[in-house]
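There are 2 protein chains.
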Amino acid sequence: MFEKVALIGIGLIGSSIARAIKEKNLADHIAISTRSQKTLDRAKELGLGDSYNIDPTEVVRDADLVIICAPVGAYEAIGKQIAPHLKTGAILSDVGSVKEHVVKALEPHVPDGVHFIPGHPIAGTENSGPEAGFASLFDGKWCILTPIEGTDQDALHRLRDLWVAFGSDVEILDAKHHDMVLAITSHVPHLIAYNIVGTADHLESVTKSEVIKFSAGGFRDFTRIAASDPEMWRDVFLTNREAVMEMLGRFSEDLSMLQRAVRFGDGEMLEELFTRTRNIRRSIIDAGQETDVPDFGRHVSAVEDESGA
Amino acid sequence: MFEKVALIGIGLIGSSIARAIKEKNLADHIAISTRSQKTLDRAKELGLGDSYNIDPTEVVRDADLVIICAPVGAYEAIGKQIAPHLKTGAILSDVGSVKEHVVKALEPHVPDGVHFIPGHPIAGTENSGPEAGFASLFDGKWCILTPIEGTDQDALHRLRDLWVAFGSDVEILDAKHHDMVLAITSHVPHLIAYNIVGTADHLESVTKSEVIKFSAGGFRDFTRIAASDPEMWRDVFLTNREAVMEMLGRFSEDLSMLQRAVRFGDGEMLEELFTRTRNIRRSIIDAGQETDVPDFGRHVSAVEDESGA
Ligand SMILES: NC(=O)c1ccc[n+]([C@@H]2O[C@H](COP(=O)([O-])OP(=O)(O)OC[C@H]3O[C@@H](n4cnc5c(N)ncnc54)[C@H](OP(=O)(O)O)[C@@H]3O)[C@@H](O)[C@H]2O)c1
Ligand SMILES: NC(=O)c1ccc[n+]([C@@H]2O[C@H](COP(=O)([O-])OP(=O)(O)OC[C@H]3O[C@@H](n4cnc5c(N)ncnc54)[C@H](OP(=O)(O)O)[C@@H]3O)[C@@H](O)[C@H]2O)c1
Chain G
195 MFEKVALIGI
205 GLIGSSIARA
215 IKEKNLADHI
225 AISTRSQKTL
235 DRAKELGLGD
245 SYNIDPTEVV
255 RDADLVIICA
265 PVGAYEAIGK
275 QIAPHLKTGA
285 ILSDVGSVKE
295 HVVKALEPHV
305 PDGVHFIPGH
315 PIAGTENSGP
325 EAGFASLFDG
335 KWCILTPIEG
345 TDQDALHRLR
355 DLWVAFGSDV
365 EILDAKHHDM
375 VLAITSHVPH
385 LIAYNIVGTA
395 DHLESVTKSE
405 VIKFSAGGFR
415 DFTRIAASDP
425 EMWRDVFLTN
435 REAVMEMLGR
445 FSEDLSMLQR
455 AVRFGDGEML
465 EELFTRTRNI
475 RRSIIDAGQE
485 TDVPDFGRHV
495 SAVEDESGA
Chain Y
195 MFEKVALIGI
205 GLIGSSIARA
215 IKEKNLADHI
225 AISTRSQKTL
235 DRAKELGLGD
245 SYNIDPTEVV
255 RDADLVIICA
265 PVGAYEAIGK
275 QIAPHLKTGA
285 ILSDVGSVKE
295 HVVKALEPHV
305 PDGVHFIPGH
315 PIAGTENSGP
325 EAGFASLFDG
335 KWCILTPIEG
345 TDQDALHRLR
355 DLWVAFGSDV
365 EILDAKHHDM
375 VLAITSHVPH
385 LIAYNIVGTA
395 DHLESVTKSE
405 VIKFSAGGFR
415 DFTRIAASDP
425 EMWRDVFLTN
435 REAVMEMLGR
445 FSEDLSMLQR
455 AVRFGDGEML
465 EELFTRTRNI
475 RRSIIDAGQE
485 TDVPDFGRHV
495 SAVEDESGA
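Just so you know, the sequences run in chain order G and Y.
Following the numbering used here, the numbering of the first sequence begins with 195 at its first residue and continues without gaps.
Following the numbering used here, the numbering of the second sequence begins with 195 at its first residue and continues without gaps.
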């Protein structure tokens, strides 16, 4: 499918792409670069690629596809550095969780003849680093591409086909709209998960060991989300500020209403909301974006554990 | 262990208790009552008990252990109704998610010679009804008992031993403190999960189908929590108002700080919080309250699904 794919950044997402490409034989050569020698060595030990270089300008040379898989705050510097070394006709893409900022940070540096097509797979786990990835991460998940005006259709199709080969469904969205959708489906949920875990961490009336001990009542599931990579998420909030602020404003307004309902004992309002939210989950399961396996009891995981899987 | 156990309410928790008692042979007879004939018939079809009666006064007759497994808002009426029919020496317990209110609602009705010991298993799933239960739900989970002053130690030990037989670790807490701990580890997390799902449901800038489609970025995990039983959760918020309001106040204060950090681009503050919250998750895994299986990608569930489990 591609001759040489260059990956810059080889954490959860980069290493999952490398594994998926290898497993499905979608490129002749995978070249890997990352920030630290330590991670580069680890990637080599794991056999994720065919060549490794700490210098990104070296790995992009002759690559017909370059995918930036680093936190979005690092994009501008990476873009500036690699731009002069990109091959004419190459596709430059990425996987960043924010898209308008990525266009602003990269587009000015992209040389003529290079096809710049931003992307974002809606798939992930709370783990990070090169060990965390797996080839099936994108299988059955959506990948959003946010091509800019005048994007070469051939290049777009080639990139789309790669994600389809990973098992993803591909959706084309405007970058600004992407950022709004992700603010509510991902960024604000992460922010409030981080927030409640932070709140629980510095209470005086309840000890930390009690929080940990009795976390199975719901809190645990927030800590899972709040265990995601700090650097990646810092960059998401720094670069999608406007949409996050807007959605957070809506969330806070609604929370004030709910707080009033609790204060004044408005059981009807509470039950109405709790019934409505139940239906949304049903829709998500019906849309194939979730399994129906009950998970609070974690008995599925437990069974897996016991069987040694 | 017991001669006759009476269960009033046979949803997720009640039916899990019935299944655990049967599986481990912990009582000679399980008598079941619930609000609706429909659920009672379903419990019978599922073979959850040995006798069934819509009238709770009938099932508690001669029972040496009665466990109320209904939403806490129904407790007072149930307590009044069954009290005159409780056997001397019997233990009256429950599983309600709130404890101070339960003591207030039940204690005045408990006849002399009956041992009233409130309880709360910290285990559950987002599903409800008699089909949702399973015998291993309490295995490896905590169960909190909140005995009132002067509780008979023999009775307390008998009840504790039952939960231990279910596989639970038992902790004794003061009812008021229980409500504070659960407000932060369970009630407020549920409230904010319900809230964000509600917010997403009535946006104009992002369609409901987009929210559903791209829910795998984090939102999905909130819908799981926000799919819990509306009646049960309504009652929790109506009966643990004070502690919920206090913890919600703390949450909102912290969220305002976080909002400022986003607005002013304070990356250091964000990264510091995101790093701190990561450590709490580590502690929860170390405490055995969570498995280390990455779950956002839901590949564990997917594997289970494929194997037909
Ligand atoms: N995690 C998710 O759920 C998810 C989902 C969709 C998209 N994304 C996006 O995917 C991207 C990567 O996230 P991830 O989850 O894979 O993070 P990760 O596991 O933390 O990996 C990040 C990788 O980027 C490298 N890196 C950091 N700064 C760099 C720089 N200046 N130059 C080159 N490499 C650099 C890191 O290198 P060192 O280890 O060498 O420092 C590491 O290999 C982010 O933009 C994120 O927004 C994440
Ligand atoms: N779900 C959890 O995660 C969880 C965890 C720990 C503790 N709890 C506590 O466990 C209790 C039960 O919750 P659940 O999850 O098992 O709920 P559920 O699955 O919705 O079941 C509730 C049961 O209570 C019955 N019921 C309702 N009102 C009643 C009344 N007035 N008299 C007799 N029975 C009545 C229902 O009967 P019908 O179907 O006949 O109407 C149903 O059988 C609640 O107090 C809850 O706070 C829940």
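Where hints are given, some of them may not hold.
Identical copies go unnamed one by one, so any copy, or any two together, can satisfy a pair.
To be verified - Result set (BS3-like, lysine-lysine): computed pairs, CA atoms no more than 30 Å apart in a straight line:
(1) 298 x 238
(2) 274 x 402
(3) 281 x 402
(4) 298 x 402
(5) 402 x 232
(6) 370 x 281
(7) 370 x 232
(8) 274 x 298
(9) 238 x 402
(10) 281 x 216
(11) 218 x 402
(12) 298 x 370
(13) 370 x 238
(14) 216 x 402
(15) 402 x 370
(16) 298 x 218
(17) 218 x 370
(18) 370 x 216
(19) 238 x 218
Read the hints as simulated data drawn from the structure, not as lab findings.
Tested hints:
1. 298 x 238: Cα proximity of residue 298 and residue 238: none, with 33 Å in one copy and 64 Å across.
2. 274 x 402: Classified as neither; 45 Å inside a copy, 38 Å across copies.
3. 281 x 402: Close neither inside one copy (54 Å) nor across copies (41 Å); limit 30 Å.
4. 298 x 402: between (43 Å within a copy, 28 Å between copies)
5. 402 x 232: neither (34 Å within a copy, 43 Å between copies)
6. 370 x 281: Result: close within a single copy only, 28 Å intra versus 68 Å inter.
7. 370 x 232: neither (36 Å within a copy, 51 Å between copies)
8. 274 x 298: within (12 Å within a copy, 68 Å between copies)
9. 238 x 402: Classified as neither; 40 Å inside a copy, 43 Å across copies.
10. 281 x 216: within (23 Å within a copy, 70 Å between copies)
11. 218 x 402: This pair counts as neither: shortest intra-copy Cα distance 46 Å, inter-copy 34 Å.
12. 298 x 370: within (11 Å within a copy, 54 Å between copies)
13. 370 x 238: Neither way: residue 370 and residue 238 sit 37 Å apart in one copy and 55 Å across, limit 30 Å.
14. 216 x 402: Neither. Shortest intra-copy (44 Å) and inter-copy (36 Å) distances fail the 30 Å Cα cut-off.
15. 402 x 370: between (40 Å within a copy, 17 Å between copies)
16. 298 x 218: Answer is neither; intra-copy 33 Å and inter-copy 63 Å both fail.
17. 218 x 370: neither (33 Å within a copy, 58 Å between copies)
18. 370 x 216: Answer is neither; intra-copy 33 Å and inter-copy 57 Å both fail.
19. 238 x 218: Only inside one copy: residue 238 and residue 218 sit 19 Å apart there, 51 Å across copies, limit 30 Å.
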